[in-house]
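Q: These are the residues of each chain, in order.
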Amino acid sequence: MSGKVWLAVDGSLARVTIEHPGKHNAMSRAMWRELRAVFEQIQRDDALTAVVVGGQQHFCAGGDISEYAAFRFKEASLRDFHENDVWGGLGAMLACDVPIVARIDGNCMGAGVEIASCCDIRIASDRARFGAPIAKLGFPMAPREAALVMRVVGELTAREMLLSAAVLDAGEMKQRGFLNQVVGGDLLESAVHACLDRMRTLAPRAARLNKQAFRALALADIEHAATDLIAFAYHYADSAEHREGVTAFTEKRPPRFAP
Amino acid sequence: MSGKVWLAVDGSLARVTIEHPGKHNAMSRAMWRELRAVFEQIQRDDALTAVVVGGQQHFCAGGDISEYAAFRFKEASLRDFHENDVWGGLGAMLACDVPIVARIDGNCMGAGVEIASCCDIRIASDRARFGAPIAKLGFPMAPREAALVMRVVGELTAREMLLSAAVLDAGEMKQRGFLNQVVGGDLLESAVHACLDRMRTLAPRAARLNKQAFRALALADIEHAATDLIAFAYHYADSAEHREGVTAFTEKRPPRFAP
Amino acid sequence: MSGKVWLAVDGSLARVTIEHPGKHNAMSRAMWRELRAVFEQIQRDDALTAVVVGGQQHFCAGGDISEYAAFRFKEASLRDFHENDVWGGLGAMLACDVPIVARIDGNCMGAGVEIASCCDIRIASDRARFGAPIAKLGFPMAPREAALVMRVVGELTAREMLLSAAVLDAGEMKQRGFLNQVVGGDLLESAVHACLDRMRTLAPRAARLNKQAFRALALADIEHAATDLIAFAYHYADSAEHREGVTAFTEKRPPRFAP
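Protein chains in written order, with numbering that gives the first Met the number 0: chain A, 0 to 258; chain B, 0 to 258; chain C, 0 to 258.
Treat the hints with caution; some may be incorrect.
Any copy will do: because identical chains look the same in the list, a pair fits if it lies in one copy or spans two.
What the hints assert, rightly or not - Pairs of lysine-lysine, DSS-like flavour, derived with a Cα cap of 27 Å:
id	residue 1	residue 2
1	Lys173	Lys22
2	Lys73	Lys135
3	Lys73	Lys22
Simulated from the structure, these hints should not be mistaken for lab results.
So that you can see chain A by itself, here it is in the shape it has in the complex (with noise of 0.2 Å):
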């Protein structure tokens, strides 16, 4: 059976499924691309508020090498398996301005930390197992997955999961900051839906707006993204949403915003 990228819209929220049967949801080539198409359609649909991402079992367990002979061995064809397939994919998470959620457990090797490190908050089961050992594969990271990788789990930790092949657990990598929650592996999908719940009644607009702020204070220097930021930062004064809000909390009401 090959793998595949579902989504699945119910409501206000997308729920992404990462799966292939037999390999721990492993991404193949087609995979990555049907993940960009998934989140490309996502930041199209002004009715959603959230995403979550996950898969059965597993997270997600790295590349699918069984692939890779096909087309690593040549510069012209690895390049662009690196620069359109995978950046194709973790590019248009990054860009989507719906907050999304990571539903980790199992194994999230590789490919997982990275898929993992475009998403908003990070759930996991205390099962889940963390690391990137393509150094047992005979490869670098590549430099936009490794700046990602880099930033969100930290210097620290990319080292050693680059440099030994280390695997973490999920305790180690809560406390190491990669993590926002670990719960144990029954209460993965109730911890999961608190959160999604509470998300559910903020603003969405203010979140589209508060994920284009970090994107763009992540990627470029902090002075000058700021900068450029305030020319389009309080054009939402006078939305509904805003209005909604503050008038809500003055007559002690909860807000009630439009998706």
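With chain A held as given, fit chains B and C onto it using these hints.
A: Relative to the frame of chain A, chains B and C by itself:
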């Protein structure tokens, strides 16, 4: 009663108190302007060696929402509030060369997290709670404030606070690298004093030079900042405190630094 | 007895020893120059796959203060010391493409923290203590050193160490993200060996490429650095170790990488 930001100077120590009775020390527009004036005064006072910032029972619960309807729904007045009032206060704290200790009890939310992020050392009681649930009020964080919080609170926690309105306790914020120390509520004052006592004996000009370097390095491309800093980094060579510190060590006696 | 930085090569492993008897391995000017020479030699040796840096009982207690009166009180000689001697040594470590493991016991202060910050993986005994109490000596940290420490130790801890002369134990430094692992003192050697054994089997050229990428990404605006790196990032496509790693995985056998 309206709020107030107080400054009290006791020898080489400045104590800044955020006070807004009945509002958990929420910041009004006037208080942001007072915060700026207070820190501009501190910066001009060469006799100071440390500042401690705090409030009674609570650190600061956010902005004073009762004022919001008067200015938040027009872009020009909203921008004026964030860029001049809020950033006026936070910018004066960030521009202050005297080391600042945050003494954090109770609520530390929104504006409170921003003010604490401008301090050099953060000591909290185990009753302290942290968050920035402004998405409940229908608006995003302003760019300079988002840049500050993202850098100091960390991207993981900044995203969780802004995108899911999470409120985190002091233990969690210690684990996530925002707090230097968490103590039982009745030990907060003595923990802050122990830190201030340690700081009182240190070279005050060295502290100012270190803060200037941290500021330059945090804001700019690190390689350029280091190159710029080197132009004046070693002017202190012949200073009295440099001689006193090294000489006292050699003579096995405590150094005596003039503030 | 004067101090010395030793290099011993054993097959593909380099062992660097910081030794200054009676001074807890404090760095003299001569030792900084030896540190540079040692790492320049390591960098030229294509047969090496890992370096371990450490000292007897202590890692390194700082600079050799007994030399300070001879050069610290003139700006030109002070600058020469920091920019040429100290940064000569630290810069050579940072420029080294071979993975470096710090083996940290006892005092790791000032220069010790800086040397450890140039390592890729840091394993400490629970007896190790960390700090940079140079404000007791009346001087600030030099800019390049402050940039290094702020990035690797983290801004929270860098400010606490420099502005309040705090000394932190190994458990606290693990929690703050500076250490990969803390073990009981008599398990330090075996923990370091376990890490080196894991590294020995990994692809050595991939490790060098990963270190080059981390270095470029840490120093520069990330987007520009990634773009520059892409120019040569995929030259390894046809390399022997890339083929061997992927092929060995496919053939379900351990890879055999030549150093």
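Q: Now tell me, hint by hint, if it's right for this structure.
A: To see whether the hints hold, each was checked on the structure:
Taking CA atoms no more than 27 Å apart as the test, Lys173 paired with Lys22 passes inside one copy only; the shortest distance there is 26 Å, against 34 Å between copies. Proximity of Lys73 and Lys135 under a CA criterion of 27 Å is satisfied intra-copy only: 19 Å inside one chain copy versus 52 Å between copies. Proximity of Lys73 and Lys22 under a CA criterion of 27 Å is satisfied intra-copy only: 25 Å inside one chain copy versus 54 Å between copies.
Taken one by one, the earlier hints all hold for this structure without exception.
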